[in-house]
Structures are given as structure tokens and as C-alpha cells.
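Enquirer: Put together the whole structure using the sequences plus the hints.
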Amino acid sequence: MLVYTLKRLGLALLVTLAVSMLSFALLYLSGDPAAAIAGETANAEDIEAVRIYYGFDRPWVVQYGEWMFNAIRGDFGTSYYFKLPVSQLVAERLSVTMLLGVCGISFALLTAVPLGVAAAVRPNSIIDRIALFLSVMGQAMPSFWFGLVLIVLFSIKLRILPPSGSDNWQNFVMPTIVLGYYAMPAIMRLTRAGMLDVLGADYVRTARAKGAGEFRVMFKHALRNAIIPVVSLAAVQMGFMLGGSIVVESIFALHGAGYLAWESIGRNDLPTVQALILVFSMFYIVFTFLSDLLNAWLDPRMRVG
Amino acid sequence: MTNTTETINTVAPKVEAEVLSGPTPRQILLTKVLGHKGLMFGAIVLLTIFLMALFAPLLAPYDPYHQDLMHRMIPPVWDAKGSWENILGTDHLGRDYLSRLLYGARISLAIGAIAALISGIIGTSMGVAAGYFGGRVDACVTFLINVRLAMPVVLVALAVVALFGGSLQVVITVLGLLLWDRFAVVMRSATLQLRSMEYVTAAKAIGCSTKRILFSEIMPNIANSLIVIVTLEMAHAILLEAALSFLGLGVQPPTPSWGLMVSEGKQMLLFQPWMIAIPGVALFILVLAINLLGDGLRDVSAPENRN
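Protein sequence lines correspond, in order, to chains B and X. Oh and the first sequence: position 211 is 210 in numbering that gives the first Met the number 0, straight run, nothing missing. Oh and the second sequence: position 28 is 27 in numbering that gives the first Met the number 0, straight run, nothing missing.
In case anyone wonders, no lab produced these hints; they're calculated from the structure. This one's a predicted model, so the numbers in the text were calculated from it and none came from an experiment. In this text, a Cβ means the ideal position worked out from N, Cα and C, and glycines have one as well. One or more hints might be untrue.
[What the hints assert, rightly or not] Derived list of chain X stretches under chain B, where covered just means 3 residues or more per stretch with a C-beta under 8 Å from a C-beta of chain B: (1) 91-104; (2) 112-125; (3) 133-140; (4) 150-162; (5) 271-282; (6) 286-296.
[What the hints assert, rightly or not] Quick list of in silico lysine to aspartate or glutamate cross-link-like pairs, DMTMM-like style, CA-CA up to 25 Å: (7) Lys31/X with Glu197/X; (8) Lys36/X with Asp294/X; (9) Lys31/X with Asp298/X; (10) Lys36/X with Asp127/B; (11) Lys6/B with Asp137/X; (12) Lys265/X with Asp62/X; (13) Lys265/X with Glu262/B; (14) Lys265/X with Asp166/B; (15) Lys82/B with Glu262/B; (16) Lys203/X with Glu216/X; (17) Lys265/X with Asp67/X; (18) Lys31/X with Asp127/B; (19) Lys156/B with Asp166/B; (20) Lys82/B with Asp56/B; (21) Lys6/B with Asp298/B; (22) Lys156/B with Asp78/X; (23) Lys36/X with Asp62/X; (24) Lys203/X with Asp137/X.
[To be verified] Selected chain X positions facing chain B (Cβ under 10 Å, derived; list incomplete): (25) Gly37; (26) Leu248; (27) Leu268.
Expert: What follows is the structure, encoded as C-alpha cells:
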């Protein structure tokens, strides 16, 4: 287990390093950052001064090393637009995104797992059909469009939820549904498939044979085993969801990190964009790392791979 | 099926061996395909949309770029204020919505197909190489897959489009370069399973070149799962393009992209909700059709891989 953990940790660190290089490379693809900071009215001398002030005249390896070294200590430089430390900006906004992510994955799990179990218990029943219908819909519906439909329905027609903002809990209801519905189909399909597998297993038959109640068989024996892959999928989905929250946050003007990313891209605020790409990647890396460990802990066969 | 057998019987009653051998694999496949409701529905809808996109210049009643500021935001025909002049109404610049919708299908299909092609080539070659050669190649590819999965697709795509400008070519290239992960993952595991097959060993034993083994032994056997992934990634690319265009960093106006149409309709959300409903439903139907086709193909080609 220790060897496995160290191996996974090493891989996670290498992936982080590669992602950081790629997000740093964005700065180099974008042309002359000094000219962008100096503004359109600046002459060649001003641009040169800016270049030296920000250190853009040094070789890229040195710049990357410095950026990475500072990033490890939590210093991502200064935002071109806000003239504030990027880490402070990101930290302020991240709590909203994380809250949204937790709400979203909870919503997805709370709808997908019961539906998946119910669908597996009675295959081809009405519930199974409804579950399949919901998951097919969820996979085909563009999430930005689903968000707008909810706004039309709940904010304009029914007037019970605010269309935008991030001050109250009401602001989180629709974004949670949209983000959760995005993750739901995969979780539901996996729960259903896992339950179908497990319900045919010997230990479930044994449990029934010894006279355990149906409820007990379902939850104590079957679901406990079927839920293992679902938990690791949920962890991975959580990583994807935080990265995908940019769309949802921009529809509902929810001032989280995704919204900040969208604004910063529009403002050419590269240090902020770089930091956010790295932070979102880190979330994914941490979540998959945890899910790998959880899997290995629950299922010793995984530790070999 | 019974009909065919009977005709064979009446025409050549002496060929009993053929009758006993039953339907050929191809016939079995055809029956399965025709009997699969989801697959047929998806295929028919997709074909219809494809034909509509192909013949857009003939079908579209107006020029999709022609602005008519005197006739702005006319609602569609089923609305009390609508008319048959503009069946789906006009947008905020007076452009005919139906014409824009038809031309928009071209954008979505082109982006889906080309992005899936690019990412398919990248991902399949990486996955097959990793699965077949194993060892360091595999470690390398697995690492690259991990790196790719860790990058937030929407954010990176938005940033790159912002840097290079939002032309159709840039959007297609970015999506093509970002969506190869699933190809690589699935092709890698498929090839891993095939590598130890007897016919591959046999091909090696009689001295076939690696190239020949990869192209004549491995590729035909992973083609089925490849087609399924192509459909999934096409749907993925179409949805992503729509999201990028909706956020203003995809295909740029005045190009009639469905995502862009939703974004333009967003400003009229309060009074003209049909403006987002029409392109949204179009997107939904297209992606639904592609997904149903993909799911159906998977069911038909490899029933054991369901779920």
C-alpha cells in the first residue's frame, strides 16, 4: 500500500509539473506580454521598461522556474487588471466554486444513486425507463441552454428564484441543478450496472437464503459493494465539474473562480488565467489521487496495477 | 428472414447445406441494426440533419446573413404574431431564423466531424502504440493521458481561442487537440487485449512486419469500438463548440453557429424566449441523435460492453 501510494503521489506530482509548464507556455503563445501591459498608447521605450520591470527579458527557463517556485509558495504574481495578488483574488472566489461543486456532486449523487438502484432492482420497469430517459436527456442537453431554460422557468415565469448573483442560498439552487445534472447520467448508469452485477452475485443469494430482509439485502449487502466504483467516479466527476463550472457560473453570474476565469480571459489577464488553469488541474489531480487510494484501500487487487 | 429461406428453397431445393447454415453474419448484423429502435432513430435523424445541412443553400428561404432592420424579432409561425414569411421568425437583426438554423447545422456537423477526425487520429495512434508496444511507450502515453485529463478543457479552449482569435479553423483545431483522451484510453485497452491473441502471435511467427500486424491484424478488430468513440466525441465536440460560442470565445458573429444564436437570444430572454428555445432544441436533437446512434452501435457490435 505504501509503495502504491508513493507511486501514485509521484505520478500526481509529475502531472502537476507538466500542467504547470503548459499553462505557463500560454503566456509565451500570447505574443508580447509587455506590450499588452503597457497599453496601446505606449512607445517602444515604455514597453522596454515594462519588460525589464516584469522580467520578461530573461530566458523562459528562468521565468518558468521563478513562476513555479513562487506558485509553490502560493504566490501567482499580480493580476494585470486588478493590480492585486492573484492568489488573493483566486482564494476569494474559490470558496463559491467549491461550494457549488459540493452542492452539485451531492445533488448528482442524491438523484443518481437512488434512481440507479431502483432501475437495477426492476429492470425494464417504468422507473428504469424514466432513469434511462433522464440520463439520455442529460447527456444530450447543452448545460448552458439548460441553465437558460431554468432561468426562463423559475425566474421569469414563476418568479421564485433570482436569475443571477451569489449572495443568497437561492442563487445556488439553479446552478446546483445544472451542474449536478451534468454529472448525473454517468453516475446513474454506473450505479445501475454495478447493482445489476452485484444482485446476481453469490453473496446476495446467500443473504437472501439465510432470510435477510429485502431492505437489508439491498443496502447492507448489495449497495455497499456496488457503490465502490461509483465513489471513485464521483471523485473524478467532481474534478471535471469544478473545471466545467466556468459555463454555469457565467450563465448565473455566480462570482466564483470560473466566472473570474471567464472575465480574466476577456481582459487578457494572463497571470490570473494561468493560476486558475493550474488550480483547476490541481483539483482534478487531487481528486483522482484520492479516488485511486480509496480504490486501492477497498480493493487490494488494484494495488498491483 | 423466413422469406429468404423459402425462396432459396424453391429456387434451388437441392442446396440443403446452405439452408442449414442459416443467415450469414452480415445478415444477422443487419437484422440487429434494423431491429434496434434507438440506433435507427438516431441514424434517421442524423441523416436528415446532414441532408439539411448539405442542401442548406437550396432549402433556406433567405440569405442567413441578410439583415432587415425593419423586420426584427418576428416570432415564429405558431405564435399569434408570427407569419409564414419567416417560419421560425427573425433575430434581433432581422435575419431569417430558419435560414440561420440550416446553415448553423453545417457549422455544428463540420466541427463535430473534423474535430473527431483529428482527435481520433491522435488518440488512436497513441492508444494503439501504447497497447501494442507496452513498456516505456505505454508509460509515456498513460502519462500524457493523465496530463490531458487534468487540464480543464473549457478553460484551456477558451484561453487558446482568446489568444488566436475565434475563427472556425482555430475552434476545430483546439477541440481536435483536446479531445483525444477517450480515444487513447479505449484504444489502449482494446489493443492490450488483442496483443496476446493467437492470430497476432501467428502473424508474428510467420514474420509479418509490425506495420502489417498493426494495420491488418489489430486495426480491423478495434474498428467497432473506434466507431462508437467517434460518435461520442463528435457529440462532445459539438456541445463544446456551442458552449464556447455561447461564452463569446468560439465561432464569431455573424457566422450562424447554434451556440452563438442561443447567446444572441439570451439578451431577449425576457420577451422572446423562443429565440433560445429553437437553436437549443436543434442542438439537443442533433446530440441526442448522435448519442443514440453511438449507443446503438455499441449494443449491436459488442453487447457485452453495455453500460
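Enquirer: Confirm or reject each hint.
Expert: Status of each hint after checking the structure:
Coverage of the stretch 91-104 of chain X by chain B is violated [criterion: at least 3 residues with CB-CB distance below 8 Å; count 0]. Only residues whose C-beta sits within less than 8 Å of a C-beta in chain B count toward coverage, and the stretch 112-125 of chain X has 0 of them, not enough to reach three; the restraint is violated. Counting residues of the stretch 133-140 of chain X whose CB lies closer than 8 Å to any CB of chain B gives 0, which falls below the minimum of 3, so the coverage claim is violated. Taking a C-beta to C-beta cut-off of 8 Å, the stretch 150-162 of chain X contributes 11 residues in contact with chain B, enough for the three needed, and the coverage statement holds.
Three residues within the 8 Å Cβ limit are the bar, and the stretch 271-282 of chain X against chain B gives 5, so the coverage statement holds. Under a criterion of three residues with beta carbons nearer than 8 Å to beta carbons of chain B, the stated coverage of the stretch 286-296 of chain X is upheld, 4 such residues being counted. Between Lys31/X and Glu197/X, the direct Cα distance comes to roughly 29 Å. Violation of the 25 Å bound is thereby established for this hinted pair. The suggested pairing of Lys36/X with Asp294/X holds, with an alpha-carbon distance near 11 Å, which does not exceed 25 Å.
As the CA atoms of Lys31/X and Asp298/X are separated by approximately 9 Å, the hinted pair is consistent with the 25 Å bound. Between Lys36/X and Asp127/B the alpha-carbon distance is near 17 Å, which keeps this suggested pair within the 25 Å criterion. Restraint check for Lys6/B and Asp137/X: the C-alpha separation of about 16 Å stays at or below 25 Å, so the hint holds. Among the hinted pairs, Lys265/X with Asp62/X is consistent with the structure: their alpha-carbon atoms are about 23 Å apart, no more than 25 Å.
Distance restraint check for Lys265/X and Glu262/B: the Cα-Cα separation of roughly 18 Å lies within the 25 Å cut-off, and the hinted pair is therefore satisfied. Distance hint between Lys265/X and Asp166/B is fulfilled; the C-alpha atoms sit about 23 Å from each other, no more than 25 Å. With a CA separation close to 15 Å, the supplied pair Lys82/B and Glu262/B stays within the 25 Å bound. Using a Cα cut-off of 25 Å, the hinted pair Lys203/X and Glu216/X holds, with the two alpha carbons roughly 10 Å apart.
Distance check on the hinted pair: Lys265/X and Asp67/X sit about 20 Å apart at the alpha-carbon level, within 25 Å; holds. Taken as a hint, the Lys31/X and Asp127/B pair is honoured in the structure, with Cα atoms around 23 Å apart against an allowance of 25 Å. Of the supplied pair hints, the one linking Lys156/B and Asp166/B holds, its CA atoms being roughly 22 Å apart against a limit of 25 Å. With a C-alpha separation of about 21 Å, the suggested pair Lys82/B and Asp56/B falls inside the 25 Å cut-off, and the hint holds.
With a C-alpha separation of about 17 Å, the suggested pair Lys6/B and Asp298/B falls inside the 25 Å cut-off, and the hint holds. For the proposed pair Lys156/B and Asp78/X, the alpha carbon gap of about 18 Å is at most 25 Å, so the pair holds. Proposed proximity of Lys36/X and Asp62/X is contradicted: the alpha carbons are some 37 Å apart, above 25 Å. Taken as a hint, the Lys203/X and Asp137/X pair is honoured in the structure, with Cα atoms around 20 Å apart against an allowance of 25 Å.
Among the interface hints, the one on Gly37/X holds; its C-beta lies about 9 Å from the nearest C-beta in chain B, closer than the 10 Å criterion. Here the hint on Leu248/X is kept, as its CB sits about 7 Å from the closest CB of chain B, short of 10 Å. Given hint, Leu268/X at the interface with chain B, holds; its Cβ is 6 Å from that chain's nearest Cβ, closer than 10 Å.
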